[in-house]
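J.: Below, each chain spelled out in residue letters.
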Amino acid sequence: MFEALFRFFFEYSPAMFAQGDIRWAAWTGSFVAVAVTAVAIAAAVVSYRAGARLSLRDRLVLTTLRVAMLLLVLACLFRPVLVVRAAVPQQNVVGVLLDDSRSMQIADADGQPRASYVQTAFGALDAGTLKTLADRFTVRVFRFSSTATRVTSGADLAFTGTETRLGAALAAARQELAGLPLAGLVMVTDGADTADAALGDALLGLKAEAVPVFTVGVGRETLDKDIQIGRVTTPRTALKGTTLLVDVVIAQRGFDGEAVTLDVEDEGRIVSTQKVTLPAGGSPATVPVRITVDEEGPRVLRFRVPALAGELVSDNNQREALIDVRDRREKILYFEGEPRFELKFLRRAVTEDQNVEVVALQRTADNKYLRLGVDNADELVAGFPKTREELFSYRGLVLGSIEAGSFTGDQLRMIAEFVDRRGGGLLALGGPRAFSEGGYAGTAVADTLPVVLDANLRQKEGEVIRLAVKPTRAGAASAVTQVAGTEAASVERWSTLPGVTAVNRLDAIKPGATVLLSAPDASRREYPVLVFQRYGRGKAFAFTPQDSWVWQMHASIPVEDMTHENFWRQLLRWVVDEVPDQVEIRTSSDRVEPGSTVTFTAAVADKAFLELNDASVTATVTGPEGAVVDVPMAWSGEKAGEYKGTFPAAAQGWYEVKVQATRAGTDVGTAVSHVRAAPGEQEYFDATLRAGTLRRMAEDTGGRYYAAGDTSTLADDLRYTGRGVTTVEEHELWHMPIVLLLLVGLLSAEWGYRRVVGLP
Amino acid sequence: MACVVFAQEGFRGRGRMIREIASTKVDYDGRFAFVRLRYQGGFSRDPGWAHDYPRADWHLQRIIEDVSFTRTYRDESNILTLDDPDLSLYPVAYMSEPGFWTLNEAEASGLRAYLQKGGFIIFDDFREARDWANLQGRMADVMPNLRWVTLDASHPVFHSFFDINTLVTEGYYGPAEFRGLFEDNDPRKRLLAVANVNHDLGEFWEFSDTGWMPVDLSNEAYKYGVNYVIYAMTH
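Those protein sequences? They're chains U and B, same order as listed.
With this note's numbering applied, the first sequence has no gaps in its numbers, which climb one by one up to 760 at the end.
With this note's numbering applied, the second sequence has no gaps in its numbers, which climb one by one up to 1235 at the end.
Read the hints as simulated data drawn from the structure, not as lab findings.
Just to be clear, a hint being listed does not mean it is correct.
In silico SDA-like links for lysine to any residue, alpha-carbon gap of 25 Å or less [claimed, not checked]:
id : chain 1 : residue 1 : chain 2 : residue 2
1  : B       : 1189      : U       : 570
2  : U       : 368       : B       : 1062
3  : U       : 368       : B       : 1041
4  : U       : 644       : U       : 295
Now the in silico label distances, taken between C-beta atoms and shown as ranges [claimed, not checked]:
id : chain 1 : residue 1 : chain 2 : residue 2 : range
5  : U       : 537       : B       : 1075      : 46 to 54 Å
6  : U       : 454       : B       : 1075      : 28 to 36 Å
7  : U       : 468       : B       : 1216      : 44 to 52 Å
8  : B       : 1211      : U       : 377       : 40 to 48 Å
9  : B       : 1106      : U       : 378       : 48 to 56 Å
10 : B       : 1216      : U       : 534       : 52 to 60 Å
11 : B       : 1216      : U       : 378       : 31 to 39 Å
Note that beta-carbon positions come from the ideal geometry of N, C-alpha and C, so glycine has one too.
Build out the structure end to end from the sequences listed, making use of the hints.
T.: The structure is reproduced here in structure tokens:
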């Protein structure tokens, strides 16, 4: 519409004005015209000035109209021209990139698949838009999904690509057409980019070479009726037996108030089913799903809702997530400074947990320790670890009621480094020798804790704070503090648990810390009960009651009640969750397309968790058919302790990557990860037309965006990109309709005004 | 505040005249408090459950606080029945003269839940010949599937604070023996109850500051008491 209006008034396309320069082609007569116009202007001024019947305002208006008209005529007599560089016919190349991905099969283009438009407009060189291009340019057609490959025309497309990588496609086409007189690139797509890499990088290259991209958007920006699993956030790894609380976002349009069933499958076995009523106004529904992962190894969890009547796309009704479930014992050191029942009941709570091992160092008196759950006679024989190597062998550390003065300065720093550098989980429990009351204010440990410690603010000795604990909003939605089957039941359960006590004054939490449990104290302020924060590579927690064992022992708690056990089991598992090993492996993605290359990195550190750049690191990759390949890994040189490797994932299926690091003949450690080579369903997610993205691509590179079916000016616009083999064209501007309209308008205005003021 | 309604007509050597002892409770604040279990039975003017109260109870608390970092009430303690809900706030309980122990259903149920949830009970001041059968019978009412096991010195309860390397000792009523009940009858699991057969540790605790008892024997008695409490707090 804008284009047509512009052309109606200005005769030429906006692209020509954008690219060209306006110059004056004056001739001798132009200068004569100046004199004539000057006389005419003077006459007009004098004439209107003499009109005694006119007011000053009328004279001014009429004079201005007359002068404007005369100046416009004068401007035309100076012959304004638009100088543009136009592509020489058939001397330039245009790259046409056609989206060959599966999302092009979606039938939202007037009931027809998006692919139909591509076939019609770009299916043959002698028809449709492709013909108009071929008439003026040498056309190179590419199809693209993950990358771009040459084809003759759109007729060669199958629309089965499992990815849409706009940036990679543009880069590949640019590379292939390098050295040719390229007028520009035309990209026909729905714009639903599935690449991880930012599009900006690819556009930068095109901008640097001034290659304009003309984008043609296919499809609709919204689907009338669609439901999709919008987002599922799961951890990459989990300890066997862990209960995960996964937030599943169900996005929808056109199904307000509809009830759907959300199923979760673990390798084909349904592990959760729940009814969800979709909210009104097309809003997405966020559904918390509890799943316990109790099978070791790589597990594919499938979240799905059934296809509903009238849905255009049902392939986006399920989404998969990979979790590497690890079956191992995570060792936690619990250092307790005074005999109290908290230690006994905490240990009992996780006795049955095969994946969490609590080693307790109980100080019973001065320099007198009781070691519980140690693996050998030497473990902790000298008390609390004195070296980083010894302390860092644990993955979690629980500090009970033990005063800061019982540690050396170096041990306090070690504890801070345990969190910060080693990435361990630190849990500080309440007690008369903990927090400020234990003298931790101002120590390195205080820096790590999620609560603010002030040496001047201490609880009076003998005064206890009685707590009726309840979850905060964050706590209600957290898996750690869920003590019943559903969020509502869990909140209810917390409200019925017996009260506990605390003896530490805690007035503030750190910025960035999250309170999961709290309780109103005597002054009705919320006393923090369970708080956590990330610190460096690790996490730090404060659990402030001194007697959570009451949740187990209290007379109101039935013998078979597992609330206390579940709470501690969940909390301790969280403390050691994602705590790194000496060797850690990361793959670029947990799923790759069959035939693509997997890039993976390994982070290698010594027992004190100092990065090693001189380790010998090898990866053993076991493919789906059992084929084993050794991949040597080299230090990346980019980051301390980081080693890189790649392998091709040719066949479909699971690949196990086992990284082993040695140094000077000594084993440093091993790590195992899994990657799945399988076609992805990503194409069908958020698969609406991304006009905004395509418009930005065009604007950033100096091209234009067209809606499908509205590409009549495409060939013309490409002609005036100013690139390739061009010739200079001059276009007269004086006969533009806008000039005539202005002249007539000015004359009419003057005549009309004269009539109004009573002049002939 | 704890309310102690307690009348005692003085000490005359090792004999005493107890008129009345009411149940008493400390104001719970997280510290360790000794619990003396009160039951029906025995002589009404000198009930067996109350023998050595309160000096034994308080002396043991003081010793525990003095030798270890355990915080106790020192001069306050509890007298509770087995069906008192507040018993659950004190996971170590002491019963004197279980030979006279009688039990109703509510008490049996209270003790059963207490032990299953993590409580620990000490039986003291009884003779094997006269009292063991009653203790065995009452505990069978509470935990019918559990069997008493004679403990040896290698058990962790004898090393939780002091190292007690031999259990061969002359008890108050003859050669002593220490028997226990284990969770699931598995001696590798938690000890739920300990019985000081033919012994009366409470007697030694009570009179340890008078000079009437040999110091060595008093010390030995404290070792058992301290170890029982520390064990119950850690196992």
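J.: State for each hint whether it applies.
T.: Now the hints, each set against the structure:
Proposed proximity of residue 1189(B) and residue 570(U) is supported: the alpha carbons are some 23 Å apart, at most 25 Å. Distance check on the hinted pair: residue 368(U) and residue 1062(B) sit about 18 Å apart at the alpha-carbon level, within 25 Å; holds. A distance of roughly 42 Å separates the Cα atoms of residue 368(U) and residue 1041(B); the hinted pair therefore is violated under the 25 Å criterion. Proposed proximity of residue 644(U) and residue 295(U) is contradicted: the alpha carbons are some 30 Å apart, above 25 Å.
For the pair residue 537(U) and residue 1075(B), the beta carbons lie near 50 Å from each other, so the given range of 46 to 54 Å is met. A hinted range of 28 to 36 Å holds for the C-beta pair residue 454(U) and residue 1075(B), which are about 34 Å apart. A beta carbon spacing of about 50 Å between residue 468(U) and residue 1216(B) agrees with the range 44 to 52 Å that was offered as a hint. Remark: the range hint 40 to 48 Å for residue 1211(B) to residue 377(U) is upheld by a beta-carbon distance near 42 Å.
In this structure, residue 1106(B) and residue 378(U) meet the distance hint of 48 to 56 Å, their C-beta atoms being roughly 50 Å apart. For the pair residue 1216(B) and residue 534(U), the supplied restraint of 52 to 60 Å holds, since their beta-carbon distance comes to about 57 Å. For residue 1216(B) and residue 378(U), the hinted distance range of 31 to 39 Å is satisfied, since their beta carbons lie about 35 Å from each other.
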